[in-house]
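Top line first, the protein sequences correspond to chains A, B and C.
Using numbering that gives the first Met the number 0, read the first sequence as starting at 0 and increasing by one per residue.
Using numbering that gives the first Met the number 0, read the second sequence as starting at 0 and increasing by one per residue.
Using numbering that gives the first Met the number 0, read the third sequence as starting at 0 and increasing by one per residue.
One or more hints might be untrue.
[Unchecked claim] Lysine-lysine pairs mimicking BS3-like chemistry, simulated, CA-CA at most 25 Å apart:
id, chain 1, residue 1, chain 2, residue 2
1, A, 342, A, 440
2, A, 350, B, 189
3, C, 168, B, 67
4, A, 440, A, 526
5, C, 161, B, 99
6, B, 1, B, 28
Treat the hints as calculated values from the structure; they're not laboratory data.
Predicted model, so just to flag it, every value in this text is computed and none were measured.
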Amino acid sequence: MSGIGVFICHCGSNIAGTVDVDELTEYASDLNGVTFATNYKYMCSDPGQELIKDSVEEQDLDSVVVAACSPRMHEETFQAVVEDAGLNPYRFQMANIREQCSWVHSDDMEKATEKAKHLVEMSVEKSRLSEDLEKTEVDVNSDALVIGGGIAGIQSALDLADQGKKVYLVEREPSIGGKMAQLDKTFPTLDCSSCILTPKMTDVARNPNIELLTYSEVEEVDGSVGDFEVKVKKKATYVDWDKCTACGDCAEACRRSGNVEDEFNEGLDNRGAIYTPFPQAVPAAYTIDSEVCISLEYDGTCTSCREVCELDAIDLDDEDEIVELNVGSIIVATGYDLMDPEKIYEYGYGKSKDIITNLELERIIDASGPTDGEIHRLSDGEDVESVTFILCVGSRDEELQSYCCRIGCMGALKHVHLLRDHLDEDVDINICYTDIRSFGKGYEEFYRRTRDLDVNFVRGRPSEVNVQEEKVELNVFDTTMDKLLQVESDLVVLVPALLPSEGTEELSRQLRITRSSDGFLQEAHPKLRPMDTFTNGIFIAGCCQGPKDIPDSVSQASGAAAKASTILSKDKLQSEATIASIDDDICSGCKMCISVCPYDAIEYNEEDEVAEITDVLCMGCGSCASLCPTGAIEHKGFKDEMLEAMIDAGLTEEEG
Amino acid sequence: MKELGLYLGCVIPTEQYGYEMSIREVLPKFDIELVDLEESTCCGAPLRNVNMFTTMYLSARNMALCEKKGIDLYAPCPICHLGLTEAKESLEENPELKDKINSKLEEEDLQYEGSTELYHTLDLLHDEIGLDEIEDQVEEPLDDLTFAAHYGCNTIRPNDLDRPDDSENPQKLEELMETIGIGTEDYPEKLDCCGGQVISDHNESALTKAGEKIEAVQDQGFDGLSTICPWGHRMLDSKQDSAADTIGESLDLPVMYYIQLLGVAMGIEQSRLGLELNLSPVDNLEAIESIEEAE
Amino acid sequence: MSLIDLTSMAEPDEEEQEKIEETLEGLKEDIPDLCYQCGKCTSGCEAFILLELEPHSIMGKSKAGFIDELVNSDEIWTCMQCFKCQERCPQDLSPVRVIFALKNLAVAAGKEIPSGYQKMLQSVLGNGLIQQPKEVLNRANETRKREDLDLPPVPEPEDMDKVQQILMKATQEKLR
Ligand SMILES: Cc1cc2nc3c(=O)[nH]c(=O)nc-3n(C[C@H](O)[C@H](O)[C@H](O)COP(=O)(O)OP(=O)(O)OC[C@H]3O[C@@H](n4cnc5c(N)ncnc54)[C@H](O)[C@@H]3O)c2cc1C
Ligand code: SF4
Ligand code: SF4
Numbered sequence: 000m001s002g003i004g005v006f007i008c009h010c011g012s013n014i015a016g017t018v019d020v021d022e023l024t025e026y027a028s029d030l031n032g033v034t035f036a037t038n039y040k041y042m043c044s045d046p047g048q049e050l051i052k053d054s055v056e057e058q059d060l061d062s063v064v065v066a067a068c069s070p071r072m073h074e075e076t077f078q079a080v081v082e083d084a085g086l087n088p089y090r091f092q093m094a095n096i097r098e099q100c101s102w103v104h105s106d107d108m109e110k111a112t113e114k115a116k117h118l119v120e121m122s123v124e125k126s127r128l129s130e131d132l133e134k135t136e137v138d139v140n141s142d143a144l145v146i147g148g149g150i151a152g153i154q155s156a157l158d159l160a161d162q163g164k165k166v167y168l169v170e171r172e173p174s175i176g177g178k179m180a181q182l183d184k185t186f187p188t189l190d191c192s193s194c195i196l197t198p199k200m201t202d203v204a205r206n207p208n209i210e211l212l213t214y215s216e217v218e219e220v221d222g223s224v225g226d227f228e229v230k231v232k233k234k235a236t237y238v239d240w241d242k243c244t245a246c247g248d249c250a251e252a253c254r255r256s257g258n259v260e261d262e263f264n265e266g267l268d269n270r271g272a273i274y275t276p277f278p279q280a281v282p283a284a285y286t287i288d289s290e291v292c293i294s295l296e297y298d299g300t301c302t303s304c305r306e307v308c309e310l311d312a313i314d315l316d317d318e319d320e321i322v323e324l325n326v327g328s329i330i331v332a333t334g335y336d337l338m339d340p341e342k343i344y345e346y347g348y349g350k351s352k353d354i355i356t357n358l359e360l361e362r363i364i365d366a367s368g369p370t371d372g373e374i375h376r377l378s379d380g381e382d383v384e385s386v387t388f389i390l391c392v393g394s395r396d397e398e399l400q401s402y403c404c405r406i407g408c409m410g411a412l413k414h415v416h417l418l419r420d421h422l423d424e425d426v427d428i429n430i431c432y433t434d435i436r437s438f439g440k441g442y443e444e445f446y447r448r449t450r451d452l453d454v455n456f457v458r459g460r461p462s463e464v465n466v467q468e469e470k471v472e473l474n475v476f477d478t479t480m481d482k483l484l485q486v487e488s489d490l491v492v493l494v495p496a497l498l499p500s501e502g503t504e505e506l507s508r509q510l511r512i513t514r515s516s517d518g519f520l521q522e523a524h525p526k527l528r529p530m531d532t533f534t535n536g537i538f539i540a541g542c543c544q545g546p547k548d549i550p551d552s553v554s555q556a557s558g559a560a561a562k563a564s565t566i567l568s569k570d571k572l573q574s575e576a577t578i579a580s581i582d583d584d585i586c587s588g589c590k591m592c593i594s595v596c597p598y599d600a601i602e603y604n605e606e607d608e609v610a611e612i613t614d615v616l617c618m619g620c621g622s623c624a625s626l627c628p629t630g631a632i633e634h635k636g637f638k639d640e641m642l643e644a645m646i647d648a649g650l651t652e653e654e655g
Numbered sequence: 000m001k002e003l004g005l006y007l008g009c010v011i012p013t014e015q016y017g018y019e020m021s022i023r024e025v026l027p028k029f030d031i032e033l034v035d036l037e038e039s040t041c042c043g044a045p046l047r048n049v050n051m052f053t054t055m056y057l058s059a060r061n062m063a064l065c066e067k068k069g070i071d072l073y074a075p076c077p078i079c080h081l082g083l084t085e086a087k088e089s090l091e092e093n094p095e096l097k098d099k100i101n102s103k104l105e106e107e108d109l110q111y112e113g114s115t116e117l118y119h120t121l122d123l124l125h126d127e128i129g130l131d132e133i134e135d136q137v138e139e140p141l142d143d144l145t146f147a148a149h150y151g152c153n154t155i156r157p158n159d160l161d162r163p164d165d166s167e168n169p170q171k172l173e174e175l176m177e178t179i180g181i182g183t184e185d186y187p188e189k190l191d192c193c194g195g196q197v198i199s200d201h202n203e204s205a206l207t208k209a210g211e212k213i214e215a216v217q218d219q220g221f222d223g224l225s226t227i228c229p230w231g232h233r234m235l236d237s238k239q240d241s242a243a244d245t246i247g248e249s250l251d252l253p254v255m256y257y258i259q260l261l262g263v264a265m266g267i268e269q270s271r272l273g274l275e276l277n278l279s280p281v282d283n284l285e286a287i288e289s290i291e292e293a294e
Numbered sequence: 000m001s002l003i004d005l006t007s008m009a010e011p012d013e014e015e016q017e018k019i020e021e022t023l024e025g026l027k028e029d030i031p032d033l034c035y036q037c038g039k040c041t042s043g044c045e046a047f048i049l050l051e052l053e054p055h056s057i058m059g060k061s062k063a064g065f066i067d068e069l070v071n072s073d074e075i076w077t078c079m080q081c082f083k084c085q086e087r088c089p090q091d092l093s094p095v096r097v098i099f100a101l102k103n104l105a106v107a108a109g110k111e112i113p114s115g116y117q118k119m120l121q122s123v124l125g126n127g128l129i130q131q132p133k134e135v136l137n138r139a140n141e142t143r144k145r146e147d148l149d150l151p152p153v154p155e156p157e158d159m160d161k162v163q164q165i166l167m168k169a170t171q172e173k174l175r
């Protein structure tokens with residue numbers, strides 16, 4: 000007669016030192032449905048596993064209960080053993096008599112043994128009601144989507160393409176490159192940003208496995224891991240990119256040339272309506288900004304660019320296009336924006352051209368930037384005699400961003416090096432800091448070298464910045480010297496907080512991934528799963544997850560690509576078997592389950608007026624089943640009857 | 000006709016008579032009936048330094064006087080306005096304290112509920128009466144003048160206690176000035192303190208602060224300075240001569256309460272606005288009559 | 000506490016520290032523990048240049064428990080109550096309120112308080128206002144009283160004695 004076998008583990012003396020395992024075995028063998036019970040020193044060891052396997056056969060067992068440690072430790076181990084022995088793995092139950100019993104009751108063997116009996120009995124009761132369960136399988140599409148073409152997105156795309164995967168790279172600007180393209184040089188090695196970035200950008204352009212969709216945005220995401228359906232809107236560029244060679248004749252002819260704020264140069268100079276963001280842009284092609292083009296936005300009369308384009312590449316009838324993609328996995332790498340420093344009104348941003356952000360300074364220092372790398376006062380072109388940095392502008396601030404921007408300190412130290420290269424040696428450089436954070440590899444050494452560059456590190460924070468007739472003035476109390484210093488500067492550089500890039504909230508909704516309280520996209524575990532999201536098959540990389548520097552962005556990007564690849568390399572994916580399922584006949588269509596599901600696995604079927612679960616999305620958390628007011632949701636492997644039987648067993652009075 | 004309890008506090012009714020006179024003269028023209036609160040006392044804010052409970056008690060008492068009459072309260076002094084606002088919010092958050100205070104108020108047959116709205120001159124003019132209404136009543140716009148604004152610290156700070164204007168970029172006073180024709184501009188020292196709160200124990204430092212602010216405004220070519228705070232006005236106008244002596248500079252900056260300027264622009268008889276009491280040389284301004292003329 | 004101030008041999012006083020926190024409680028979470036000593040408050044303090052008030056160091060000392068030193072100092076009586084420190088503190092703290100609390104402690108402990116405050120307090124307790132109506136001068140050096148200016152009498156409680164009694168009792172009370 001087939002029945003349940005109970006296997007009790009000593010875990011050395013971990014369990015046997017506190018629980019009387021022989022008494023427990025005897026007790027177990029008398030339990031309802033149990034036909035065999037035994038104990039052994041280490042159940043997880045090879046001989047222990049053999050013992051289980053052999054017993055299943057010899058004793059004709061149909062279910063197995065192991066009383067040992069936490070299922071977190073060894074549930075999978077024993078499931079595999081049971082499967083090996085020819086049983087369905089869900090015919091295995093685990094009673095935790097270590098963490099939940101022996102470890103916490105080591106001072107009272109009698110009571111611990113009593114409790115262990117209850118725990119074993121509960122598992123046996125659950126086991127009596129257990130059934131065979133099957134995992135569902137889904138086919139995996141081996142293509143990937145990367146959203147955001149900054150350094151993180153570029154790295155992920157290249158890694159995946161190298162593994163032979165087809166990658167769609169979606170970038171909302173006309174060119175990939177992200178913020179790194181705007182930087183002059185990079186800490187801590189001071190290599191030129193575009194020298195290390197441009198080759199990667201051209202690799203992207205050349206790689207046959209990468210399909211680049213710039214000037215594009217994700218419109219809609221459906222489906223789930225292995226099989227996402229994505230709609231991408233390719234905005235009209237009004238230029239045929241197959242024809243355009245980026246000769247630039249059109250830009251010169253454009254009647255709005257020099258009239259439109261140049262975003263790439265942080266508004267420090269102007270472009271026209273037809274433009275390419277920067278010379279090394281990828282793809283190398285021009286785009287018409289429809290909002291400012293005379294013909295498109297106003298009266299349709301201007302033909303200047305069309306007249307000069309010898310390749311006839313300009314097409315004012317171009318229209319937005321929706322591209323439908325099918326991918327198995329998605330990597331989000333949408334980066335960051337700088338906080339608008341006007342939010343700290345007292346620092347005077349906007350009151351004088353000489354009060355700038357660190358990103359504006361990058362553009363000014365850049366030899367191909369708006370000032371050709373010449374550093375003068377922006378208000379009147381006079382020489383710069385003094386530059387002052389203010390760190391933590393809106394970072395570590397309880398009203399604005401409470402977190403650290405992680406790049407501000409190092410960025411300012413870098414700027415000291417670059418300014419020393421560009422300016423006379425008698426120019427004063429002051430850094431108002433609260434704490435200098437130089438935690439990365441080679442960063443502290445870089446900080447030490449910077450200190451040797453005749454720079455005033457002022458340990459304090461100004462209260463306000465005032466624009467005087469000639470100079471920009473601030474008072475700052477230095478807490479190391481107990482002195483209030485008056486500082487007059489020609490340039491004041493604010494180092495603002497980093498924010499998730501605009502649109503992150505909407506994107507997170509489309510993708511059904513969560514954001515942490517700071518607004519950045521949330522990782523599934525802050526230490527152990529830093530590039531996973533809670534949604535299977537979607538990964539995050541770079542600053543969209545939180546502020547970080549280039550080395551960290553690139554590491555995370557490669558990590559995310561590797562993670563995605565583990566999915567994309569499979570033909571089929573198995574979903575969990577212990578998931579929720581809805582009985583249509585009982586479901587009243589109240590939709591309460593939809594609102595609690597953290598994985599967005601439940602949808603409402605308008606036609607049948609019932610809720611429906613997408614098996615591959617369900618992670619088996621149990622939220623819906625416990626909430627459903629009609630009892631229409633059953634959690635496989637954790638059915639109500641099972642739990643009730645366990646509770647009854649757990650609450651029986653001690654005998655004698 | 001809106002009835003408001005005129006809560007003058009300490010400094011206005013004991014020495015800043017010009018503010019009180021112009022308030023009593025101008026506001027009724029905007030359909031506001033000022034009701035005197037004969038039984039009122041100090042708002043308690045100066046006693047924050049000594050004992051916070053007494054501060055709360057006094058504030059609650061003054062608001063209770065208004066509640067008894069069923070009207071809202073108008074406090075032209077920003078320090079009172081802040082003290083009252085703080086008490087109002089604290090008592091709302093802390094019912095225990097409210098009960099404790101009410102048990103004391105009972106002895107005088109008073110009861111504090113928390114139902115009075117509070118106004119200061121700035122929001123009363125700018126938000127309640129409104130710029131359009133003011134513009135309608137201007138008879139002689141003061142077009143040729145450029146004035147700097149002095150808000151007073153407590154008019155704008157701390158912003159977590161519902162102030163009449165923004166803490167870092169207040170503009171209502173400027174807008175009010177522009178409405179009566181006066182030109183104005185931001186200046187770096189705009190938010191600087193007048194020193195008024197330490198005048199009794201740190202006379203020289205307080206006067207230095209006032210003097211430096213007046214000097215800065217004067218050096219930037221303003222024709223005058225407009226105030227809405229009696230403490231600030233006392234430092235910048237009434238004590239301008241002492242401030243000049245203290246910093247060793249000659250100061251002759253006309254300083255006027257905004258509501259006095261408004262009265263002048265409305266064509267109100269200048270002697271009714273207490274202009275003779277401004278000790279800074281206000282009659283350097285063409286629009287302002289000299290004392291002899293006024294008589 | 001394992002701290003000793005070697006300049007004065009003072010030790011932190013936790014009991015006094017708790018009293019400050021008590022006074023501040025119910026107003027806001029202004030306890031100085033979260034201060035990271037950025038110094039923004041002192042950079043803008045209206046009283047620093049002339050009177051050497053350093054709100055950040057008041058926060059530091061309060062946090063460490065050197066309350067006695069502060070309560071006995073003249074420094075706490077120099078604050079201009081401009082609230083700039085609170086307004087601009089990136090950690091949402093309020094040095095000015097900590098200073099108020101310290102002054103309250105000083106008064107409660109019977110420390111000698113500056114004469115101006117003493118006078119103000121006495122006046123309020125005596126007749127309800129911080130000062131009596133003054134005869135003022137006009138620009139022509141003539142004196143003017145409220146009556147001369149057609150202003151009604153200064154407000155005053157009908158039963159000043161009773162208000163006085165209540166006030167005397169109130170000054171013994173704590174916020175909670
Ligand atoms: C002034 C300054 C100096 C710096 N200097 C250094 C340095 O010297 N060394 C260093 O290591 N780090 C430096 N950094 C940090 C560096 O900029 C970042 O680490 C890096 O840019 C992060 O790359 P990313 O790809 O995550 O984000 P980003 O560079 O922001 O790229 C994100 C990309 O995604 C696109 N995107 C956003 N939303 C969408 C959407 N919804 N759909 C499609 N595309 C979208 C954006 O257009 C952008 O191209 C500096 C930062 C600043 C502000
Ligand atoms: S501004 Fe705030 S955090 Fe900075 S030192 Fe002052 S109290 Fe501390
Ligand atoms: S409130 Fe006091 S401590 Fe704070 S900034 Fe003003 S004067 Fe300084």
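Quick rundown of the hints versus the structure:
1. 342(A) / 440(A): 33 Å, violated
2. 350(A) / 189(B): With a Cα-Cα distance of about 14 Å, the restraint between residue 350(A) and residue 189(B) holds, given a limit of 25 Å.
3. 168(C) / 67(B): Holds - the C-alpha atoms of residue 67(B) and residue 168(C) are around 24 Å apart, at most 25 Å.
4. 440(A) / 526(A): OK: residue 440(A) and residue 526(A) at ~19 Å, within 25 Å.
5. 161(C) / 99(B): Measuring from Cα to Cα gives roughly 17 Å; hence the hint holds.
6. 1(B) / 28(B): Satisfied, since the Cα-Cα distance of roughly 11 Å is no more than 25 Å.
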